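Undergrad: Listed below, chain by chain, are the residues.
Protein chains: 2
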Amino acid sequence: MISWKNLDTLSAYGKLKALKGRVNLVEAMAGENGAKRVAQYAAPMAGGLQFNYAARPVDDEVLDALAALADEAELTDKFAALYNGEVINTGEKRLVLHQLTRGQLGDDVVADGVNKRDFYVSQQMKAAAFARKVHAGEIANAKGEKFTTVVQIGIGGSDLGPRAMYLALEQWARQNGAFRMEAKFISNVDPDDAAAVLKSIDVSRALFVLVSKSGTTLETLTNESFVKDALKNAGLDPSKHMVAVTSETSPLAQSSDYLAAFFMDDYIGGRYSSTSCVGGVVLSLAFGPEVFERFLNGAHEADVTAKNPDLLKNPAMLDALIGVYERNVLGWPATAVLPYSQALSRFPAHLQQLDMESNGKSVNRFGEGISYVTGPVIFGEPGTNGQHSFYQLLHQGTDIVPLQFVGFKKNQAGMDVVIQGSTSQQKLCANVAAQIMAFACGKKDDNPNKAFAGGRPSSIIVGEQLTPEALGALLAHFENKVMFQGFCWNVNSFDQEGVQLGKVLAKRVLAHDTDGALKAYSDLLGI
Amino acid sequence: MISWKNLDTLSAYGKLKALKGRVNLVEAMAGENGAKRVAQYAAPMAGGLQFNYAARPVDDEVLDALAALADEAELTDKFAALYNGEVINTGEKRLVLHQLTRGQLGDDVVADGVNKRDFYVSQQMKAAAFARKVHAGEIANAKGEKFTTVVQIGIGGSDLGPRAMYLALEQWARQNGAFRMEAKFISNVDPDDAAAVLKSIDVSRALFVLVSKSGTTLETLTNESFVKDALKNAGLDPSKHMVAVTSETSPLAQSSDYLAAFFMDDYIGGRYSSTSCVGGVVLSLAFGPEVFERFLNGAHEADVTAKNPDLLKNPAMLDALIGVYERNVLGWPATAVLPYSQALSRFPAHLQQLDMESNGKSVNRFGEGISYVTGPVIFGEPGTNGQHSFYQLLHQGTDIVPLQFVGFKKNQAGMDVVIQGSTSQQKLCANVAAQIMAFACGKKDDNPNKAFAGGRPSSIIVGEQLTPEALGALLAHFENKVMFQGFCWNVNSFDQEGVQLGKVLAKRVLAHDTDGALKAYSDLLGI
Chain A
709 MISWKNLDTL SAYGKLKALK GRVNLVEAMA GENGAKRVAQ YAAPMAGGLQ FNYAARPVDD
769 EVLDALAALA DEAELTDKFA ALYNGEVINT GEKRLVLHQL TRGQLGDDVV ADGVNKRDFY
829 VSQQMKAAAF ARKVHAGEIA NAKGEKFTTV VQIGIGGSDL GPRAMYLALE QWARQNGAFR
889 MEAKFISNVD PDDAAAVLKS IDVSRALFVL VSKSGTTLET LTNESFVKDA LKNAGLDPSK
949 HMVAVTSETS PLAQSSDYLA AFFMDDYIGG RYSSTSCVGG VVLSLAFGPE VFERFLNGAH
1009 EADVTAKNPD LLKNPAMLDA LIGVYERNVL GWPATAVLPY SQALSRFPAH LQQLDMESNG
1069 KSVNRFGEGI SYVTGPVIFG EPGTNGQHSF YQLLHQGTDI VPLQFVGFKK NQAGMDVVIQ
1129 GSTSQQKLCA NVAAQIMAFA CGKKDDNPNK AFAGGRPSSI IVGEQLTPEA LGALLAHFEN
1189 KVMFQGFCWN VNSFDQEGVQ LGKVLAKRVL AHDTDGALKA YSDLLGI
Chain B
709 MISWKNLDTL SAYGKLKALK GRVNLVEAMA GENGAKRVAQ YAAPMAGGLQ FNYAARPVDD
769 EVLDALAALA DEAELTDKFA ALYNGEVINT GEKRLVLHQL TRGQLGDDVV ADGVNKRDFY
829 VSQQMKAAAF ARKVHAGEIA NAKGEKFTTV VQIGIGGSDL GPRAMYLALE QWARQNGAFR
889 MEAKFISNVD PDDAAAVLKS IDVSRALFVL VSKSGTTLET LTNESFVKDA LKNAGLDPSK
949 HMVAVTSETS PLAQSSDYLA AFFMDDYIGG RYSSTSCVGG VVLSLAFGPE VFERFLNGAH
1009 EADVTAKNPD LLKNPAMLDA LIGVYERNVL GWPATAVLPY SQALSRFPAH LQQLDMESNG
1069 KSVNRFGEGI SYVTGPVIFG EPGTNGQHSF YQLLHQGTDI VPLQFVGFKK NQAGMDVVIQ
1129 GSTSQQKLCA NVAAQIMAFA CGKKDDNPNK AFAGGRPSSI IVGEQLTPEA LGALLAHFEN
1189 KVMFQGFCWN VNSFDQEGVQ LGKVLAKRVL AHDTDGALKA YSDLLGI
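Chains as they are written, first to last, in our numbering: chain A, 709 to 1235; chain B, 709 to 1235.
Quick caveat, the hints were computed from the structure, so don't treat them as lab data.
Each hint should be verified, as a subset may be incorrect.
To be verified - A few chain A residues that don't get close to chain B, going by computed Cβ distances all over 12 Å: (1) Ser711; (2) Ala720; (3) Gly722; (4) Lys725; (5) Gly729; (6) Gly811; (7) Gln812; (8) Asp816; (9) Asn823; (10) Val829; (11) Ile847; (12) Ser912; (13) Asp965; (14) Glu1001; (15) Lys1015; (16) Lys1021.
Claimed, not checked - Here are the computed distance ranges between Cβ atoms for each label pair: (17) A:Lys1021 <-> B:Lys948: 52 to 60 Å; (18) B:Arg913 <-> A:Gly943: 50 to 58 Å; (19) B:Ala968 <-> A:Asn884: 33 to 41 Å; (20) A:Asn884 <-> B:Ser912: 52 to 60 Å; (21) B:Asn741 <-> A:Trp712: 37 to 45 Å; (22) A:Gly852 <-> B:Lys854: 53 to 61 Å; (23) B:Gln1128 <-> A:Ser830: 28 to 36 Å.
Predicted model, so just to flag it, every value in this text is computed and none were measured.
Note that CB positions come from ideal geometry on N, CA and C, so glycine has one too.
Here chain A stands alone, though its shape is the one from the complex:
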């Protein structure tokens, strides 16, 4: 029987707090001891990746304390309960099954009378078959011309994850003969978003993927209408240009307004849906079903790794626990995600949702107030761009921000240039290595303005190349990290009640049912 306890009631947490400030990174990372740490504090990940945490503020004693915390918090058992089908999302009384979209981790999970793994596979296969027909021209526009562009209409989890994954693999696919269709994304209710996308494409050759689990998301339905108007104005039949990704019970599921419908369910949260058909339809259309399957394989392999009860062999759990130590013991309120890969340009925005929406909570899973901090602010941009932007504060600001680097030895597009004796890719990699050390060890200088205090922690996830498998593994690593942190904090990482109040008030504004300051703001904005 699992016991769900608040972090501050665990004796291992008390012991961890006593280790505060134990590791001086400036000293620990200097000289040959630093090299030893880089060799020692490394864990293999799925997808051929490595998680290296040498430059995070841990040593063997802190790691022992984190392992004790992992045990006492029953992280492995809680994960098992999740993938074996317990109601982990207590607020909404739902199972949490996104891992099942990419493989079977434990028992068969039967819900609503259906084996859920079979259900997710059936939707993946349906999307694959559909994509193959589109690529073969069997599903085409009214003139019989092939569709050349796929446009995803969705917001939040129906947008950020799939968009980040598409961008992550676009150049890889072009280079590896896997590029089938360009993808575009419409998300914002701001009509300028849809207008800009529609102006940039040939709508007669475009296939639209409408994504809304409930079938009632205001932004998405509004943008659907916007797109339908554009299709009609171009003399086209919208129902021949649009598919739906939704739940079987949604109003979109049986509609004749769509070429096809693909299904997810309530057991997959939006921010965890990239490996469901929310990501599967658009990615299978863009890169082919085989690439999407490789992406799923990488994610599944990472899920299997996350089952390992040995903390040192479980990078997601390690990353999670070190993060809890940094957040709750060392008191650092933000974390930056810094991929040294242009392909991952929107990966930080996806993680921002994944993490902040999952763990930005002030009550535990029983709805009781808690007296410790939970999820940090997450932000980031790709390197080296960030170096020329906000790294100044990271190096010399008054707050310490833990950093999560990602880097690959090889680039994707296969084009490069040698300048001053090195390729661009080598410069990129040299910069991330240099940054880790600059942050950790700093530099003394007689001019305090040119001095670097150091002691600024980071870890890096390193791989050969950003392939579909590596991307899947990277995504699942962070999903599982967030899950383990939620277990530590004893929050429900799978609901998002914090988004409701704004929706309710926005409806009141549109109905002109306002008074006081809400009316004043509505007037100010001309509504």
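Dock chain B against the given chain A, drawing on the hints supplied.
TA: Then chain B, alone, in the frame of chain A:
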């Protein structure tokens, strides 16, 4: 004679600290008093905008204390010293003249024997004349075909600001007959960045703008080579496809490798250079010189407003001081920038550099350590997208994050759709009004998981439409806000020594001059 003092030595700061927690936003914003605050706590801005700070944690007494702090910190005099040409950037012993790129605020500033306003105007005019010739086809490719695309090659301030400004006006320009050429941007040393841009354009019709003040920025020179290779491979003469934006003393200035060179100087920091020819060349090419001039006019008008010694009539100073109160007295470590405008999708990334690189400092302008916090972490995404992403944490997380909303009554593209009785634009505006109130007042609920504590502060900048003037005013507002905050914290907001150490170590990695952990990381990354 101005005196530069640390914030914690000012008696007004001590008085401000005594007002901590004085304003309960949940109460203050409720009922008719809330409406009164919306009317009262508003200041007109340049460009037809309004700064409304009703939902920030101030009242008349706090504002009085802030006004006293502004006086004691001599903010108006310090700004005057800056625009009259004193050496404000003490670390690098430089003047700070970006305001002079858009108008004359005070005395003539003569440096290096040149009237600097005349110099900046001459470069603006040179860029305007060049753009007109390109638009007219007088400057064309070898076949005499017009250039259709402009590609900016630059990083940091040579990328984020101009890119954000381009995206901000693209739809407006298309709608208003001002769209001349599409612009693209190459920044990252990751070769996949340049590869992706080059694959997306017809290089034979592309004009490249190489931007590097020093002429030695590694990323930019590397990407220049990358582009030159691509041009040569296409049988084209790179010198007929490329212009330079640089300083007169840089190696690029007199090179025959470029069609033309446009000049900035050491008195304009990269992150403050959007209104110099760093932004001027690409924006004049994209939208015509007249639009760029309108953008400058908006910025200049905001600069003039920032001269006003009356705090309540100086939105940039107000925003700055409320921010100092939130950061130093109330202790909030991050700020989110949330434009309800898809056109401003990269504006938060620009402000992230502007703010964090300017004020992420731990020593004062004399190089002495300080004992209070300075610049916060800045992050953000456009609304309503963010609502479906990280707003959960903003509403119900354990930390309070002050919010800076931006909104416009009208969209840019002139396309819209009515669903459920309202347009998309009305829905967009209704959402921002609703969010402000949800954050401020929260909502009680018997289920604590559905309760909102409120007390989460925000301000909003509102305008009719995001025009060139409004954009210029918005940009200058934040530049001036950051400047005033730097004055309060007594830091030098115009250098960035924190970027140097990484550069030095990266060179060592590329030269294989490493040992210890730096060598270990280099090996890990395959260098």
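Undergrad: Give a verdict on every hint.
TA: For each hint, the structure was consulted:
Ser711 of chain A, annotated as away from the interface, keeps every beta carbon of chain B farther than 12 Å; the closest lies near 20 Å. For Ala720 of chain A, the shortest C-beta to C-beta distance to chain B comes to about 21 Å, beyond the 12 Å cut-off, and the non-interface label holds. Interface exclusion of Gly722 of chain A from chain B stands, the closest Cβ pair being 20 Å apart, more than 12 Å. The claim that Lys725 of chain A is not at the interface with chain B holds, since no C-beta of that chain comes within 12 Å of its own (minimum 17 Å).
For Gly729 of chain A, the shortest C-beta to C-beta distance to chain B comes to about 19 Å, beyond the 12 Å cut-off, and the non-interface label holds. With a closest Cβ-Cβ approach of about 27 Å to chain B, Gly811 of chain A is found to remain outside the 12 Å limit, as its non-interface label requires. Every Cβ of chain B is farther than 12 Å from the Cβ of Gln812 of chain A; the closest lies at roughly 30 Å, confirming the non-interface assignment. Here Asp816 of chain A stays apart from chain B, with its beta-carbon at least about 31 Å from theirs, past the 12 Å limit.
For Asn823 of chain A, the condition that its CB be more than 12 Å from all CB atoms of chain B holds, with the nearest at approximately 31 Å. In this structure Val829 of chain A is separated from chain B by more than 12 Å, as the shortest Cβ-Cβ distance comes to about 28 Å. Distance check on Ile847 of chain A: its Cβ is at least 27 Å (rounded) from any Cβ of chain B, clearing the 12 Å threshold; non-interface status holds. With a least CB separation of 18 Å from chain B, Ser912 of chain A remains clear of the 12 Å interface cut-off, as annotated.
Every C-beta of chain B lies more than 12 Å from that of Asp965 of chain A, the closest at about 15 Å, which supports listing it as non-interface. The claim that Glu1001 of chain A lies off the interface holds: its Cβ sits roughly 24 Å from the closest Cβ of chain B, which is beyond the 12 Å cut-off. With a cut of 12 Å on Cβ distances, Lys1015 of chain A stays outside the contact zone with chain B, its closest approach being about 26 Å. Once the 12 Å rule is applied to beta carbons, Lys1021 of chain A is consistent with being away from chain B; the minimum gap is 19 Å.
Distance hint for Lys1021 of chain A and Lys948 of chain B: a CB-CB separation of about 58 Å, consistent with the stated range 52 to 60 Å. Taking 50 to 58 Å as the suggested C-beta distance range, the pair Arg913 of chain B and Gly943 of chain A does not conform, at roughly 31 Å. The beta-carbon spacing between Ala968 of chain B and Asn884 of chain A, approximately 40 Å, falls within the hinted interval of 33 to 41 Å. At about 27 Å, the CB distance of Asn884 of chain A to Ser912 of chain B disagrees with the hint of 52 to 60 Å.
As the Cβ distance of Asn741 of chain B to Trp712 of chain A is approximately 42 Å, the hint placing it in 37 to 45 Å holds. One distance hint, 53 to 61 Å for the beta-carbon pair Gly852 of chain A and Lys854 of chain B, is violated here, with the actual separation near 35 Å. Evaluation of the 28 to 36 Å hint for Gln1128 of chain B and Ser830 of chain A yields a pass: the beta carbon distance comes to about 34 Å.
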